Amino acid sequence: DVKVTQSSRYLVKRTGEKVFLECVQDMDHENMFWYRQDPGLGLRLIYFSYDVKMKEKGDIPEGYSVSREKKERFSLILESASTNQTSMYLCASSLYGGRDTDTQYFGPGTRLTVL
Amino acid sequence: AQKVTQAQTEISVVEKEDVTLDCVYETRDTTYYLFWYKQPPSGELVFLIRRNSFDEQNEISGRYSWNFQKSTSSFNFTITASQVVDSAVYFCARGSNYQLIWGAGTKLIIKP
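Same order as they appear, the protein sequences are chains G and B.
When you read off a place in the first sequence, starting at 1, and then add 13, the result is the number in our numbering.
When you read off a place in the second sequence, starting at 1, and then add 4, the result is the number in our numbering.
If you're looking for bench data, these hints aren't it; they were derived computationally from the structure.
Quantities reported herein were computed from a predicted structural model and do not represent experimental measurements.
Glycine included, C-beta positions come from ideal geometry on N, C-alpha and C.
Between beta-carbon pairs, the in silico distance windows are: (1) B:S100 with G:K83: 19 to 29 Å; (2) B:K115 with G:F33: 33 to 43 Å; (3) G:T18 with B:Q87: 22 to 32 Å; (4) B:D33 with G:T126: 31 to 41 Å.
Chain B extracted, bound-state conformation:
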């Protein structure tokens, strides 16, 4: 199966630290899409980013940035100057036609 691996089950950092969440995927497709979602304690999955495999430029959105490395099949997510409100479970996913193949998620705990 072409899976998505988020090897970090749980990460705990102190507020204002930078933190990187890893995501490694498998695919035989030449064109595909990659996603990150955030699930805060309330439970609703919140969309963060969708990237096309042809676009290898890093993306920055405020304190969030994403590093896409096609050569290593990785799509890592960095939060700069973390805040308590960033505490959540973060999911990486790869598109497969209509569907998403999900990673297991990384629980991020930001301590004040």
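The shape of chain G in the complex, shown without the other chains:
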């Protein structure tokens, strides 16, 4: 079974803090994704990575950066957290990409509150 883990289920941070959200997958998947989910707005892609050290912006990259130094780990970084970044953050991975979109498997999510 594919397992995607996220470093925290719940996180509370202060405005202006630097925040790291970690995601690890154990199935040697090529692709990893970060989404945020907000009521009424559905799932929105922040960034994705199709290889180590490679990244692509998604629909809402502003205010975020990512790091993928190892294949199994994909980090989402909030350089200076703001209250409008309070949200549920979901990490996913998929084996391969390209035209044959592969299944994305999700972690349990991190509910981040920025005060």
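Fit chain B to the given chain G structure using the hints.
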């Protein structure tokens, strides 16, 4: 934008009823993949099905079934004899290369 529409925001049924969740998608691709996911109250998105656009046969898995109609660009999901544990938000998505284009989700409430 080539979007995915789940017109039903919320559906509420009594346990043991059958329920169908609608999904309509837009695409200019001849080959594509369609997906359904379940998000229970715990929050984790659970993969249910991935279908190739060339395979128009209906799929059945236990109480779950999917009806793919390429002519109407629809990929509907039916739960037969619903149970309280089916209560969740269900998302339909269409593949676009690496990414998924998501519907807004349908909240399904199964009352005992």
